[in-house]
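K.L.:
Given these sequences and hints, build the entire structure.
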Amino acid sequence: MHEWSLAEGVISTAISVARDNEADNIRSINIKIGELQQVEMDIFNLALEETAKGTMAEDSEMNISFDAAVLKCRSCGKEWDFEKSKQDLSEDEKESIHFLPDFAHTYIRCPDCKSPDFRILKGRGVWIDSVELESR
Amino acid sequence: MDPRIELIGERLEKVENLIPVASGKGGVGKSLIASTTALITSERGHDVGLLDMDIHGPSAHVILGAKGLDFPEEEKGVLPPTVSGIKFMSTVYYSGDKPSPLRGEDISHAIREFLSITRWGSLDYLFVDMPPGVGNEVLDTIQLIRNPEFLLVTTPSKVALSTVKKLVRMLSELNISMRGVVENMKTESSPDIAGEVEEMGVPHLGEIRFDHDLEHAIGSPDEILRTKFAEDLKNIFLKENTLSL
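Note that the protein sequences, when read in sequence, are chains A and B. Under this note's numbering, the final residue of the first sequence carries the number 171; numbering is consecutive throughout. Under this note's numbering, the final residue of the second sequence carries the number 1321; numbering is consecutive throughout.
By construction, these hints were calculated from the structure, which means they are not laboratory data. Glycine included, each C-beta is placed from N, C-alpha and C at the ideal position. Heads up, some of the hints might be wrong.
Said to hold, decoys possible - Computed spacing ranges between beta-carbons, pair by pair:
| id | chain 1 | residue 1 | chain 2 | residue 2 | range |
| --- | --- | --- | --- | --- | --- |
| 1 | A | D152 | B | G1172 | 43 to 51 Å |
| 2 | A | D147 | B | L1314 | 56 to 64 Å |
| 3 | B | K1234 | A | S110 | 37 to 45 Å |
As the list claims (entries may be wrong) - Chain A regions said to be covered by chain B (calculated; three or more residues, Cβ under 8 Å):
| id | stretch |
| --- | --- |
| 4 | 41 to 55 |
| 5 | 137 to 151 |
| 6 | 154 to 163 |
P.N.:
Here is the structure:
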């Protein structure tokens, strides 16, 4: 599952930040999940828990916020929610965007002018907003 | 913070030699050289990977005659499918035959995603088929990957040579290793460019004769390995000891 990769990246990055700052423990990790990545939250939470086991992130609080994806056409200026395009995508197309969110340009078109040339304004993928550290 | 950056280093930590195959312009045979070099080193018993980094125009799957192109197997990431003995990864698994009109920032994000999900495992060589020029893909490779050693491709044409000079200059300024320049599509009437290449401070590794039969071999790795093109390429690597064949 791709969720395991994403979780691995989050935990590795948080540990790296803790080491760089000579911290002893990670109190919390604040994570933003972009809608475009279509993360399965149950699997992602399990993957975070399992990946953090035996590390200084084992008892960290995982604060996860959801970031809705918004797209804006570069040709006609139309702004729209990914949710609107999602209903027209096949399962395989959704799966492709799950692995490579920027490949939304391969499958999604502007609802008004049909251009594939759009910006992903927000909600692209997984991002760490901040890591709270503790030192003894 | 982007969690993918940390992961990319971990994904590539068991790759002994990471060799981006690059050129200043398109049409010089870079993808064929990247794919054939991967086939040659694999044939010699090395564990080899090939990554097609050309987001807009992936072509290595055509050269290797890769069939199916279903989603790669998932196991806490993505496992590159094996094609003709090579671990092969390309965005074509996710885009199929559809165009992928990504701009600069989107390309960088896609590359980060791509490099962070792919689990190569242990490899002696990972060849990266780069798109031409000094755009996002080359800059991101330099930024994200530890110790890449570029293999550069040119033709004897002044046009190709002038663009590869720019690439050499940029890589030199950034202190990036270059194994050397391979001169492709050499004909009897071609000018001698070896001196000009050496003047750039990069080894001129050798020449590959223009091979009229190569096009017919595309899509069949066995036939590619029997071409004069592959023979010349193999001789270059044996002579210069550029790769441990």
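K.L.:
All hints, please: hold or fail.
P.N.:
For each hint, the structure was consulted:
One distance hint, 43 to 51 Å for the beta-carbon pair A:D152 and B:G1172, is violated here, with the actual separation near 20 Å. For A:D147 and B:L1314, the Cβ-Cβ distance of about 59 Å falls inside the hinted range of 56 to 64 Å, so the restraint holds. Hint check: B:K1234 to A:S110, Cβ distance near 38 Å, so the stated range 37 to 45 Å holds. Counting residues of the stretch 41 to 55 of chain A whose CB falls under 8 Å from any CB of chain B gives 8; the rule of at least 3 is met.
As drawn, the stretch 137 to 151 of chain A meets chain B at 6 residues by the rule of a beta-carbon pair under 8 Å; at three or more, the given contact holds. With 6 residues having a beta carbon nearer than 8 Å to a beta carbon of chain B, the stretch 154 to 163 of chain A meets the requirement of three or more and the stated coverage holds.
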